[in-house]
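Peer 1: Based on the hints, put chain B with the ligands in the right spot on chain A.
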Amino acid sequence: MPLPRFRYVAPESLEAACELLAEHGDRARVMAGGTDLLLRMKRLPRAGAPEVVIGLRGVPGLDTIRIDDGGLSIGALTLLASVAGSTDVNRLCPALASAARSTATVQIRNMGTVVGNLCNASPAADTATPLLVYGASVLLVRPGGERRTVPLEDFFLGPGRTALGPGEIVAEVRVPPPCGRAGSDYQRLSQRSRVDIAAVCVSTLVCLDRDGSAARVRIALGAVAPVPLRAKSAERVLEGRPPTAELVAQAAAAAAREARPISDVRSSGEYRRRMVEVLARRSLVRSASLAGGAA
Amino acid sequence: MAKVTIDLRVNGEPHEVAVHPWRTLAQALREDLGLTGTKIGCETGDCGACTVLIDGRSVTSCLTLAVEAAGREITTIEGVAPSGTDLDALQEAFVRLGAVQCGYCTSGMILSARYLLSHNPAPTELEIRQALSGNLCRCTGYQKIVEAIAEAAKANG
Ligand SMILES: Cc1cc2nc3c(=O)[nH]c(=O)nc-3n(C[C@H](O)[C@H](O)[C@H](O)COP(=O)(O)OP(=O)(O)OC[C@H]3O[C@@H](n4cnc5c(N)ncnc54)[C@H](O)[C@@H]3O)c2cc1C
Ligand code: FES
Ligand code: FES
Numbered sequence: 001m002p003l004p005r006f007r008y009v010a011p012e013s014l015e016a017a018c019e020l021l022a023e024h025g026d027r028a029r030v031m032a033g034g035t036d037l038l039l040r041m042k043r044l045p046r047a048g049a050p051e052v053v054i055g056l057r058g059v060p061g062l063d064t065i066r067i068d069d070g071g072l073s074i075g076a077l078t079l080l081a082s083v084a085g086s087t088d089v090n091r092l093c094p095a096l097a098s099a100a101r102s103t104a105t106v107q108i109r110n111m112g113t114v115v116g117n118l119c120n121a122s123p124a125a126d127t128a129t130p131l132l133v134y135g136a137s138v139l140l141v142r143p144g145g146e147r148r149t150v151p152l153e154d155f156f157l158g159p160g161r162t163a164l165g166p167g168e169i170v171a172e173v174r175v176p177p178p179c180g181r182a183g184s185d186y187q188r189l190s191q192r193s194r195v196d197i198a199a200v201c202v203s204t205l206v207c208l209d210r211d212g213s214a215a216r217v218r219i220a221l222g223a224v225a226p227v228p229l230r231a232k233s234a235e236r237v238l239e240g241r242p243p244t245a246e247l248v249a250q251a252a253a254a255a256a257r258e259a260r261p262i263s264d265v266r267s268s269g270e271y272r273r274r275m276v277e278v279l280a281r282r283s284l285v286r287s288a289s290l291a292g293g294a295a
Numbered sequence: 001m002a003k004v005t006i007d008l009r010v011n012g013e014p015h016e017v018a019v020h021p022w023r024t025l026a027q028a029l030r031e032d033l034g035l036t037g038t039k040i041g042c043e044t045g046d047c048g049a050c051t052v053l054i055d056g057r058s059v060t061s062c063l064t065l066a067v068e069a070a071g072r073e074i075t076t077i078e079g080v081a082p083s084g085t086d087l088d089a090l091q092e093a094f095v096r097l098g099a100v101q102c103g104y105c106t107s108g109m110i111l112s113a114r115y116l117l118s119h120n121p122a123p124t125e126l127e128i129r130q131a132l133s134g135n136l137c138r139c140t141g142y143q144k145i146v147e148a149i150a151e152a153a154k155a156n157g
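Going down the list, the protein sequences come from chains A and B. Quick note, the first sequence lines up with residues 1 to 295 if you use the working numbering. Quick note, the second sequence lines up with residues 1 to 157 if you use the working numbering.
No lab work stands behind these hints, which were simulated from the structure alone. Since the structure is predicted, the reported quantities are computational estimates derived from the model, not experimental observations. Misleading hints may appear alongside valid ones.
As the list claims (entries may be wrong) - With a Cα cut of at most 25 Å, we get these calculated DMTMM-like pairs of lysine to aspartate or glutamate:
1. K3/B with E13/B
2. K42/A with E31/B
3. K3/B with E12/A
4. K42/A with E15/A
5. K3/B with D154/A
6. K42/A with E13/B
7. K42/A with D209/A
8. K154/B with E92/B
9. K144/B with E125/B
10. K42/A with D68/A
11. K232/A with E277/A
12. K154/B with D46/B
13. K154/B with E125/B
14. K3/B with E73/B
15. K42/A with E92/B
16. K144/B with D209/A
17. K232/A with E258/A
18. K232/A with D154/A
19. K3/B with E51/A
20. K232/A with D211/A
21. K3/B with D46/B
Next up, chain A with everything else stripped away, as it sits in the complex (with noise of 0.2 Å):
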């Protein structure tokens, strides 16, 4: 399976990288790890490939994993590998790390980024669903060196579709600091083992308040809608009350009401559906005893 031709070129800044694209527009493409963009390339007609290649990896300091304001940001050329290994995301955002640790195999999260698991936009993305617990942004910078950070929830718009405009590039993505008494979760169901897409991903986040009752709760799906996608009815079951086990079973249901899911070759839409009341229910379980509530 040979690539088809391109030409390819390597940008020292991301300033440049942007006038690159605005400049050839749909005839190029960005490439951080090149896991899904090569593979794809390799797999489409001789027509639909991109003509030019811009690689990112030219550009210094985009291989980082930082902590500002208690905040985190990773950086566009940050690996799967070094998100799973890190200490601090396994500090501030254990189901990103596990979510990282969950994807591809060991060599592709060697290549593959976060950056890039978030901009091919599969609806299935591992990484996508605890950061939008999380309240993750993405921080774009445009040609002329113009940046805007857009909510990571606005950034899907559906299966390989994003907010990225003309000459857009991802520079980072941000996670702000985490809540007081928090606990968060991932969870993931695929068909033989991790190195399958998954079927379905769950993840879910949990504060607590004094007194024990949740004050915030966050419930992103994976691969069952065209998009990840937050299940807001589903954390309003439990927002400003107990975790207690019957509620949390009501808000699994609740999320397996909004999951949209289809049939394909991963699994059935119904198989779906119940298996999303399943991990959600297990996820928020997880997530407020580690918050330190009941459930």
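Peer 2: Relative to chain A, chain B with the ligands alone:
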């Protein structure tokens, strides 16, 4: 479209090669440098037959562009044995414990195992199996491969 001249550092030796930008590292190693120990199976990142180390990390060379590997330290199966007549501990254990049948997966298995042992010198059986999640073998059923890696880890330790 013009070829680009790049410097590929393979097993400690520099090589100047002229490649098209769409040439994968697997193709460049096998066809331009004649290092056919790196195998090509699926070409889609799933089977791990093409695994090599770049700057010490295991990657699938079928999804790596040769131009992006330029200037970095590449290790292939040809660079694993300490000399033309000796094998390293992993190779030794694979041979002794029957972890090689047709051999097609072996180069990739050895390099994945080497990567594992480089950051985890005493892995558990589960850790060994997880480290091989990106390497498929159609012959051995994995058991002997897992045993060989455990054995080599003991020999090293
Ligand atoms: C064998 C195999 C198994 C896999 N298993 C999984 C899995 O289990 N779960 C999973 O979620 N994924 C999986 N993937 C998909 C892929 O590895 C991940 O999505 C990975 O995180 C992509 O990162 P990358 O850096 O390689 O992206 P690339 O391929 O470099 O880029 C992906 C897309 O994002 C765009 N892009 C990249 N960076 C930027 C940027 N900074 N700004 C704007 N656009 C950008 C590219 O143009 C491209 O369209 C698998 C892939 C393979 C080959
Ligand atoms: S040939 Fe590269 S992973 Fe199969
Ligand atoms: S020995 Fe034949 S594929 Fe592994």
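Peer 1: If a hint holds in the structure, say so; if it does not, say that too.
Peer 2: For each hint, the structure was consulted:
With a C-alpha separation of about 22 Å, the suggested pair K3/B and E13/B falls inside the 25 Å cut-off, and the hint holds. The suggested pairing of K42/A with E31/B holds, with an alpha-carbon distance near 19 Å, which does not exceed 25 Å. Of the supplied pair hints, the one linking K3/B and E12/A holds, its CA atoms being roughly 21 Å apart against a limit of 25 Å. This hinted pair does not check out: K42/A and E15/A have alpha carbons roughly 28 Å apart, beyond 25 Å.
Of the pairs offered as hints, the one joining K3/B and D154/A is violated, with about 41 Å between alpha carbons and a cut-off of 25 Å exceeded. A distance of roughly 30 Å separates the Cα atoms of K42/A and E13/B; the hinted pair therefore is violated under the 25 Å criterion. In summary, the hint linking K42/A to D209/A is not supported, as the alpha carbons are separated by about 51 Å, beyond the 25 Å threshold. Taking the CA atoms of K154/B and E92/B, the gap is about 13 Å. The hint holds against a cut of 25 Å.
The hinted pair formed by K144/B and E125/B meets the criterion: a straight-line CA distance of about 12 Å does not exceed 25 Å. Distance restraint check for K42/A and D68/A: the Cα-Cα separation of roughly 39 Å exceeds the 25 Å cut-off, and the hinted pair is therefore not satisfied. A hinted pair counts as satisfied when its Cα atoms are at most 25 Å apart, and K232/A with E277/A qualifies at roughly 14 Å. For the hint linking K154/B to D46/B, the alpha-carbon distance of about 29 Å lies beyond 25 Å, and the restraint is violated.
A threshold of 25 Å between alpha carbons decides the hint, and for K154/B with E125/B the separation of about 12 Å falls inside it, so the pair holds. Taking the CA atoms of K3/B and E73/B, the gap is about 22 Å. The hint holds against a cut of 25 Å. For the suggested pair K42/A and E92/B, the alpha carbons sit about 37 Å apart, so the restraint of at most 25 Å is broken. Proposed proximity of K144/B and D209/A is contradicted: the alpha carbons are some 53 Å apart, above 25 Å.
Between K232/A and E258/A, the direct Cα distance comes to roughly 8 Å. Compliance with the 25 Å bound is thereby established for this hinted pair. Proposed proximity of K232/A and D154/A is supported: the alpha carbons are some 14 Å apart, at most 25 Å. For the hint linking K3/B to E51/A, the alpha-carbon distance of about 15 Å falls within 25 Å, and the restraint holds. This hinted pair checks out: K232/A and D211/A have alpha carbons roughly 23 Å apart, not beyond 25 Å.
For the proposed pair K3/B and D46/B, the alpha carbon gap of about 29 Å is over 25 Å, so the pair is violated.
The structure is inconsistent with the numbered hints 4, 5, 6, 7, 10, 12, 15, 16 and 21, although it conforms to all the rest.
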